[in-house]
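Asks: One letter stands for each residue in the lines below.
Number of protein chains: 2
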Amino acid sequence: MLSARIVAAARASFAEHGWAGTTMRAVARDADVDPALVTYYFSDKRGLLAACLEFPESFTEAVVAAQAAPVRRRGHAFMDTMLGLWEDPETGEILRSIFLTAAHEPLAMERLREAFAGSVLAVVSDSLEGPERYLRASLAASQIIGVAMTRYVWRFGALAELPPDEVASYVAPTVQRYLSGKL
Amino acid sequence: MLSARIVAAARASFAEHGWAGTTMRAVARDADVDPALVTYYFSDKRGLLAACLEFPESFTEAVVAAQAAPVRRRGHAFMDTMLGLWEDPETGEILRSIFLTAAHEPLAMERLREAFAGSVLAVVSDSLEGPERYLRASLAASQIIGVAMTRYVWRFGALAELPPDEVASYVAPTVQRYLSGKL
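Each protein sequence line maps, in turn, to chains F and X.
This note's numbering puts the first residue of the first sequence at 217, with every later residue one more than the last.
This note's numbering puts the first residue of the second sequence at 217, with every later residue one more than the last.
In short, the hints are calculated from the structure, not lab data.
As the structure is a prediction and not an experimental result, all values here were calculated from the model.
Hints may contain errors.
Copies of one chain are not kept apart here, so a pair can be met inside one copy or by any two copies together.
[Unchecked claim] Here are the computed lysine to any residue pairs in the SDA-like style, where the Cα-Cα straight-line distance is at most 20 Å:
#: 1; residue 1: 261; residue 2: 236
#: 2; residue 1: 398; residue 2: 378
#: 3; residue 1: 398; residue 2: 382
#: 4; residue 1: 261; residue 2: 308
#: 5; residue 1: 261; residue 2: 381
#: 6; residue 1: 398; residue 2: 381
#: 7; residue 1: 398; residue 2: 311
#: 8; residue 1: 398; residue 2: 257
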């Protein structure tokens with residue numbers, strides 16, 4: 217699809233060069249399409265950025281699937297899901313570019329907040345019980361995001377080098393404690 | 217100090233507008249100094265960025281102080297230290313701008329990696345014993361960075377709202393487990 221090709225090129229440009237360093241014309245060139253097509257699909261640079269910040273459908277589906285796991289195994293289910301999404305070259309690149317773009321685009325930061333606070337935290341929190349469930353979901357998110365940052369975005373330390381299943385085995389007990397253990 | 221005022225203005229600009237959106241001239245204007253002074257102190261934009269990416273001395277001192285705590289209380293010591301640094305308006309703003317700038321400047325990302333992998337992880341790891349100490353330090357870093365991201369950089373979820381001592385009480389047991397518990 218042409219529009220998907222344009223979005224992929226735009227994602228890479230926003231992540232690497234930021235809002236100021238991205239032009240409709242350069243995106244068209246990178247995507248190997250006529251600049252008029254970029255305008256046709258996305259109107260302007262703002263529309264293009266909004267399209268780039270859409271979380272992949274597989275992301276939402278995977279989070280919903282993981283929260284259906286039995287509570288006592290949900291920590292592991294979330295870690296496996298997160299690692300699977302980031303290890304996948306396509307969704308991994310999308311997530312990485314959203315994380316990077318969020319750092320310098322208020323609109324991207326807003327989207328990321330919406331996606332996490334509005335979707336992920338709400339889904340995870342709703343799947344739990346008790347007055348502390350929003351806190352529990354927030355704590356789990358802090359650990360999962362910390363792994364994503366060190367392993368996939370900044371890429372440093374032991375977590376950037378281990379195979380995914382080892383990372384899961386070390387970190388899942390933490391996520392599990394946050395979801396269902398003593399706080 | 218004039219150079220400190222220039223660095224403060226440059227930090228804000230790099231964090232908000234990125235490399236491409238930052239000019240020596242605009243930084244001089246924001247700092248209310250003559251543009252020639254910016255060149256005098258920092259030569260060029262690259263030199264200015266490098267100065268902006270210096271971690272505050274209080275950061276290094278605080279990490280070194282925390283790792284001197286008895287092992288069984290070191291999880292809490294690190295969390296208190298981290299929260300203290302980020303809650304402080306001055307160091308908090310420096311750390312936040314480094315995190316944001318790292319997302320779109322390879323040089324900033326490199327610096328952040330050096331600071332964490334080379335300094336923080338090394339200091340924490342050296343203070344532990346056993347063959348898993350680098351892994352332990354990396355796991356602790358993943359949790360601490362996750363809290364910094366959600367509370368101070370992206371600002372969402374319960375951790376962005378609670379008082380610092382409550383955040384510490386929920387998260388310190390995790391850091392402690394990573395440092396000295398069963399993995």
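Asks: Work down the list of hints and note, for each, if the structure agrees.
Replies: Okay, the hints, checked on the actual structure:
In this assembly of identical chains, residue 261 and residue 236 lie within 20 Å of each other by CA distance both inside one copy and across copies; the values are 10 Å within and 17 Å between. Proximity of residue 398 and residue 378 under a CA criterion of 20 Å is satisfied inter-copy only: 18 Å between copies versus 29 Å inside one chain copy. In this assembly of identical chains, the alpha carbons of residue 398 and residue 382 lie at most 20 Å apart only when taken from different copies (14 Å versus 24 Å within one copy). In this assembly of identical chains, the alpha carbons of residue 261 and residue 308 never lie at most 20 Å apart, being 23 Å within a copy and 32 Å across copies at closest.
For a Cα distance limit of 20 Å, the shortest separation of residue 261 from residue 381 qualifies neither inside one copy, at 40 Å, nor across copies, at 43 Å. In this homomeric assembly, residue 398 and residue 381 come within 20 Å of each other (Cα to Cα) only across copies, at 17 Å, whereas the closest approach inside a single copy is 25 Å. With identical chains, the CA atoms of residue 398 and residue 311 are never at most 20 Å apart, being 31 Å at best within one copy and 32 Å at best between copies. Taking the closest pair of Cα atoms, residue 398 and residue 257 never come within 20 Å of each other, the shortest separation being 50 Å inside a single copy and 54 Å across copies.
The structure does not agree with the numbered hints 4, 5, 7 and 8 stated previously, though it agrees with the rest.
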